[in-house]
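In the order they appear, the protein sequences are chains A and B. Residues in the first sequence are numbered from 586 upward in steps of one, following the working numbering. Residues in the second sequence are numbered from 586 upward in steps of one, following the working numbering.
Certain hints may be false.
Treat identical chains as interchangeable: a pair holds within one or across any two.
Derived DSBU-like pairs (lysine-lysine); straight-line CA-CA distance at most 30 angstroms [said to hold, decoys possible]:
no., residue 1, residue 2
1, K589, K798
2, K608, K630
3, K630, K664
4, K839, K782
5, K773, K737
6, K827, K839
7, K773, K799
8, K815, K703
9, K644, K815
10, K690, K815
11, K827, K721
12, K798, K827
13, K799, K703
14, K690, K608
15, K773, K589
16, K828, K690
17, K817, K703
18, K664, K810
19, K839, K817
20, K664, K703
21, K630, K828
22, K773, K630
23, K589, K839
24, K815, K737
Hint data in this document are derived by calculation from the structure and do not stem from the laboratory. Everything numeric in this text was worked out from a predicted model, so none of it was measured.
Protein chains: 2
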Amino acid sequence: MTRKIVIIGAGNVATHLAKALIKEGYNLCQIYSRSIESARELGMKTGVHYTTNIDDIYKQADIYIFSLSDSAIAGVAEKISFENNPLLLHTAGSVSKEVLSTFSKNYGVIYPLQTFSKQRELNFREVPLCYDANSKSNTNIVENISTTLCDKTYHMGDEERKKLHLAAVFACNFSNYMYSLAEDVLDKNNIDFEIIKPLIQETAAKINDLSPKKAQTGPAIRNDKSTMNKHKELLGDNAELKKLYTFISNNILKFKDKDGIF
Amino acid sequence: MTRKIVIIGAGNVATHLAKALIKEGYNLCQIYSRSIESARELGMKTGVHYTTNIDDIYKQADIYIFSLSDSAIAGVAEKISFENNPLLLHTAGSVSKEVLSTFSKNYGVIYPLQTFSKQRELNFREVPLCYDANSKSNTNIVENISTTLCDKTYHMGDEERKKLHLAAVFACNFSNYMYSLAEDVLDKNNIDFEIIKPLIQETAAKINDLSPKKAQTGPAIRNDKSTMNKHKELLGDNAELKKLYTFISNNILKFKDKDGIF
C-alpha cells in the first residue's frame with residue numbers, strides 16, 4: 586500500500602477509481618488533467634495534489650494510471666519522462682496494453698466494466714474489474730490492487746477485453762440511448778418520464794432470471810405488424826428514427842429463430 | 586368486488602393481471618385461451634375455471650378483459666354473444682378503446698406499463714397502470730379496479746397511451762434487444778454473461794438520478810472514432826450488425842447537441 590500512484594486523467598473513470606483507491610488506503614499522490622475544472626474537482630474530492638501542467642507530474646511514482654480517452658493515452662505518456670520503469674496502467678476496454686510498452690518495461694491494464702458518471706455515486710466494490718499486465722510479477726501487482734478494490738476480478742487479455750468492451754457498448758451505451766429516445770417521445774408529448782422508470786428497471790432486472798433472448802417482449806417479437814405500423818406513423822417525418830425502428834424490429838424477429846446473430 | 590370478471594387470453598399480461606385480480610379479492614370466474622397449454626397453466630395457477638372453447642365463455646359476466654395480441658381483440662370479441670352490455674376492457678397500449686364499441690355500450694382500457702414474462706414474478710402493485718373508458722361511470726369503475734391493483738395509476742386517453750407505448754418499445758423491447766446482442770458477443774467468445782450484469786443494472790439504475798441524455802457514456806458520445814472502428818472490425822462479416830452499430834453511434838453523437846430527436 587506504500588506504492589506511490591499518480592492518476593493521469595480526471596474524467597468519469599478516473600474520478601471513481603481515484604476515490605476507490607483512497608478509500609482502500611492507497612497512496613494516491615497526484616492527479617493530472619488537462620482541464621483545470623476536472624483536475625480541481627477531483628483534487629478537492631480526494632484531497633490529492635492536482636496539476637494541469639504535464640511537466641509537473643511526479644517522476645518518481647511507482648504506478649501511473651492513464652484514465653484518458655483511448656487516442657490520448659500514448660500522446661500524454663510520451664510527454665512524461667518516467668524514471669525507473671514504473672508500472673504504467675491504462676483503464677481502456679479497447680486499447681491493447683502494448684500501447685504503453687514504449688514508455689516503460691512494466692505495463693498493464695486495469696479495466697472497470699461499468700458506466701461511470703461523476704454525478705452518480707456507486708459501490709466500486711461491486712464493479713467487475715478486468716486486469717492484465719506484461720509479466721507474471723506485474724500481473725500479480727495489478728491483481729493485488731484489483732482484488733483490494735473489487736470483489737469480482739478477472740484476468741483478461743487484450744483480445745478478450747476488446748470483445749467485452751464491444752458487448753458493453755451494446756448492453757450499456759446503446760440501451761441508454763434507447764432510454765433517451767423514450768424520454769424524447771415522452772417529453773414531446775408532455776408525459777412525465779417518471780412513468781416509464783419501473784419498466785426500465787424491470788427490463789434490466791429480468792435478465793437476472795431470464796436470458797435476454799427469452800425475456801424479449803413487444804410488437805417485434807410477436808410480429809405484430811399493425812402495432813409496428815402505428816408506431817412508425819407516430820414517428821411522423823423523422824426518417825432516421827423510422828429507419829432505426831424498422832431496422833431493430835426486423836432484427837428482433839430474425840434473431841428469434843437463430844442461435845445468435847453472428 | 587362481487588363483479589364477475591372473465592379474462593380472455595392467458596399470455597404474459599393476462600397471467601400477471603389474473604394473479605393480481607385474485608390477490609386483491611376480485612371474482613375472476615373464467616379464463617379463456619385458444620391454447621390449451623396456456624389456459625390450463627393459468628387455470629391451475631389461479632384455481633379459476635378455464636376453457637379453450639369460445640362458445641363456453643360465460644355470457645353473464647360483468648367485466649371481460651381482453652388480453653390478446655392487438656389484431657386478435659376484435660375477432661375474438663365478435664364471436665362472443667355478450668348479454669346486458671358488460672364492461673369490455675382490453676390491455677393493449679396501441680389499440681384504441683373504440684375497437685370494443687361494436688360489442689357493448691360499455692368499454693375501456695386497462696394498460697399495465699410493464700414487461701411481463703410468465704416465468705418471472707413481480708410485484709403488480711408497483712406497475713404503472715393506465716386506464717380509460719367511454720363514460721364517466723365506466724371510467725370510475727376502471728379507476729377503482731386500477732387503484733385496487735396498483736399504487737400508480739394514470740387516466741390516459743388513446744392518443745397519449747399510444748405514444749407511451751411507443752416510448753415503452755424503445756425503453757424496454759429495444760434495450761432488451763441490445764442486451765441480447767451483448768449476450769451474443771459474449772457467448773461467441775466464451776465469456777460468461779454474468780460479468781456484464783452489474784453494468785446492465787447500473788445503466789438502468791442511473792436514470793433514477795440522471796436523465797438518460799446526461800447519463801450517456803461510451804465511444805459514440807466521445808466521438809472516439811478509433812474505438813468505434815475497432816468495434817466494427819470485431820463485428821467482422823456481419824454487415825447488418827455493423828450497420829446497426831454505425832447507425833446508433835452516429836445518432837448518439839447527433840443527439841448530443843440537439844434538444845431532442847424529433
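30 angstroms Cα threshold - placement of K664 relative to K630: For K630 and K664, only the intra-copy Cα distance (27 angstroms) is at most 30 angstroms; the inter-copy one is 68 angstroms.
Identical-chain pair category, K664 with K703, by Cα at 30 angstroms: within (27 angstroms within a copy, 58 angstroms between copies)
Checking an output row: K827 and K839, CA cutoff 30 angstroms. Within, between, both or neither? The answer is both: 18 angstroms in one copy and 16 angstroms across copies each meet 30 angstroms.
Tell me, please, which holds for K815 and K703 at an alpha-carbon limit of 30 angstroms: within, between, both or neither? Result: close only across copies, 27 angstroms inter versus 39 angstroms intra.
Intra/inter-copy verdict for K827 and K721 if alpha-carbon distance must be at most 30 angstroms: neither (52 angstroms within a copy, 37 angstroms between copies)
Which holds for K773 with K630 at a C-alpha limit of 30 angstroms: within a copy, between copies, both or neither? For K773 and K630, the Cα distance exceeds 30 angstroms both inside one copy (38 angstroms) and across copies (41 angstroms).
Give the relationship of K690 and K608 under a CA distance limit of 30 angstroms: within one copy only, between copies only, both, or neither. So K690 and K608 pass the 30 angstroms test inside one copy only (29 angstroms; across, 66 angstroms).
When no copy is specified for K773 and K589, does a C-alpha distance of 30 angstroms or less occur within a copy, between copies, both, or neither? The answer is neither: 52 angstroms in one copy and 40 angstroms across copies each exceed 30 angstroms.
Is the C-alpha distance from K839 to K782 at most 30 angstroms within one copy, between copies, in both cases, or in neither? both (28 angstroms within a copy, 24 angstroms between copies)
Given identical chains, is K608 near K630, meaning Cα to Cα at most 30 angstroms, within a copy, between copies, both, or neither? Cα proximity of K608 and K630: one copy only (12 angstroms, versus 50 angstroms across).
Given identical chains, is K815 near K737, meaning Cα to Cα at most 30 angstroms, within a copy, between copies, both, or neither? Classified as between; 26 angstroms across copies, 45 angstroms inside a copy.
Cα distance capped at 30 angstroms. Does K773 pair with K737 within a copy, between copies, both, or neither? Result: close only across copies, 22 angstroms inter versus 42 angstroms intra.
Hint check: violations occur at hints 1, 9, 11, 15, 16, 21, 22 and 23; the rest are consistent with the structure.
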